[in-house]
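Q: Chain by chain, the residues run as shown.
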Amino acid sequence: AQSVTQLGSHVSVSEGALVLLRCNYSSSVPPYLFWYVQYPNQGLQLLLKYTSAATLVKGINGFEAEFKKSETSFHLTKPSAHMSDAAEYFCAVSFGTASKLTFGTGTRLQVTL
Amino acid sequence: EPEVTQTPSHQVTQMGQEVILRCVPISNHLYFYWYRQILGQKVEFLVSFYNNEISEKSEIFDDQFSVERPDGSNFTLKIRSTKLEDSAMYFCASSDREEDQPQHFGDGTRLSIL
Numbered sequence: 004a005q006s007v008t009q010l011g012s013h014v015s016v017s018e019g020a021l022v023l024l025r026c027n028y029s030s031s032v033p034p035y036l037f038w039y040v041q042y043p044n045q046g047l048q049l050l051l052k053y054t055s056a057a058t059l060v061k062g063i064n065g066f067e068a069e070f071k072k073s074e075t076s077f078h079l080t081k082p083s084a085h086m087s088d089a090a091e092y093f094c095a096v097s098f099g100t101a102s103k104l105t106f107g108t109g110t111r112l113q114v115t116l
Numbered sequence: 040e041p042e043v044t045q046t047p048s049h050q051v052t053q054m055g056q057e058v059i060l061r062c063v064p065i066s067n068h069l070y071f072y073w074y075r076q077i078l079g080q081k082v083e084f085l086v087s088f089y090n091n092e093i094s095e096k097s098e099i100f101d102d103q104f105s106v107e108r109p110d111g112s113n114f115t116l117k118i119r120s121t122k123l124e125d126s127a128m129y130f131c132a133s134s135d136r137e138e139d140q141p142q143h144f145g146d147g148t149r150l151s152i153l
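Chains as they are written, first to last, in the working numbering: chain L, 4 to 116; chain V, 40 to 153.
In short, the hints are calculated from the structure, not lab data.
Note that this is a predicted model, so its numbers are computed, not measured.
Keep in mind that a hint or two might mislead.
[As the list claims (entries may be wrong)] 30 Å max Cα-Cα, derived BS3-like pairs, lysine-lysine:
(1) Lys-81/V x Lys-122/V
(2) Lys-61/L x Lys-81/V
(3) Lys-71/L x Lys-61/L
(4) Lys-96/V x Lys-72/L
(5) Lys-96/V x Lys-52/L
(6) Lys-122/V x Lys-96/V
(7) Lys-81/V x Lys-72/L
(8) Lys-81/V x Lys-71/L
(9) Lys-71/L x Lys-52/L
(10) Lys-122/V x Lys-52/L
(11) Lys-61/L x Lys-72/L
(12) Lys-117/V x Lys-96/V
(13) Lys-72/L x Lys-52/L
(14) Lys-117/V x Lys-81/V
The shape of chain L in the complex, shown without the other chains (with noise of 0.2 Å):
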């Protein structure tokens, strides 16, 4: 079976400060990964994906996620925080085509003056 793990609901970060979102993934077979978006009242936005090709994937709004199988890790960056970035963010794993995917619990942005 496979799961997501999001350590931290919650996180705070000033206005220009690195963002280190975590994910920790459990997969028996190669996974798919994802980081989606959600700002209040809204669907799911993909951030990116990572489906085997390179291990760092770059997304939209200045974020990048670096696949590590040996940590089992897919942890979301970005070097600047802005106001904007404030929303919740979703991991998630799926097998594929047609595969559901499997979310995390989700984390909390908060951005900072």
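Since the structure of chain L is already known, use the hints to place chain V on it.
A: Same frame as chain L, now just chain V:
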């Protein structure tokens, strides 16, 4: 950019009533999904649908739930006799046939059972 559209955005229903949530997936997509998110909890998979049949369903998707693709564009989720615990945000998603294509989500329907 094409998007997944869900209607209504908010549905209020009396307990025991039937409700139908509607979705228009991205037009060239072939795989369709429903997920739900109870307030304050994580997003949970309900069901996936391909080639006019259910591909996979979760334990949540019991006999009270059904899905249908009544025409070439709509994808619906029906709850036959709603319960208080069905109150949640329901998300529709769709994806292309290619192996590594991600699922694209709609903005959701907030279902409130009274």
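Q: Are the hints correct? Go through all of them and say.
A: Evaluation of the provided hints:
1. Of the supplied pair hints, the one linking Lys-81/V and Lys-122/V holds, its CA atoms being roughly 20 Å apart against a limit of 30 Å.
2. Restraint check for Lys-61/L and Lys-81/V: satisfied, since their Cα atoms lie roughly 25 Å apart, inside the 30 Å limit.
3. About 15 Å separates the Cα atoms of Lys-71/L and Lys-61/L, which keeps this hinted pair within 30 Å; it holds.
4. Only pairs whose Cα atoms come within 30 Å are accepted, and Lys-96/V paired with Lys-72/L is accepted, the gap being roughly 29 Å.
5. With a CA separation close to 24 Å, the supplied pair Lys-96/V and Lys-52/L stays within the 30 Å bound.
6. Only pairs whose Cα atoms come within 30 Å are accepted, and Lys-122/V paired with Lys-96/V is accepted, the gap being roughly 19 Å.
7. At most 30 Å may separate the alpha-carbon atoms for a hinted pair to count; Lys-81/V and Lys-72/L meet this at roughly 24 Å.
8. A hinted pair counts as satisfied when its Cα atoms are at most 30 Å apart, and Lys-81/V with Lys-71/L qualifies at roughly 24 Å.
9. Among the hinted pairs, Lys-71/L with Lys-52/L is consistent with the structure: their alpha-carbon atoms are about 14 Å apart, no more than 30 Å.
10. Distance check on the hinted pair: Lys-122/V and Lys-52/L sit about 36 Å apart at the alpha-carbon level, beyond 30 Å; violated.
11. The straight-line distance between the Cα atoms of Lys-61/L and Lys-72/L is roughly 17 Å, inside the 30 Å bound, and the hint therefore holds.
12. At most 30 Å may separate the alpha-carbon atoms for a hinted pair to count; Lys-117/V and Lys-96/V meet this at roughly 14 Å.
13. A C-alpha spacing of about 15 Å is found between Lys-72/L and Lys-52/L, which places the hinted pair at or below 30 Å, so the restraint holds.
14. Between Lys-117/V and Lys-81/V, the direct Cα distance comes to roughly 21 Å. Compliance with the 30 Å bound is thereby established for this hinted pair.
Violation of the numbered hints given earlier is confined to hint 10; every other hint is satisfied by the structure.
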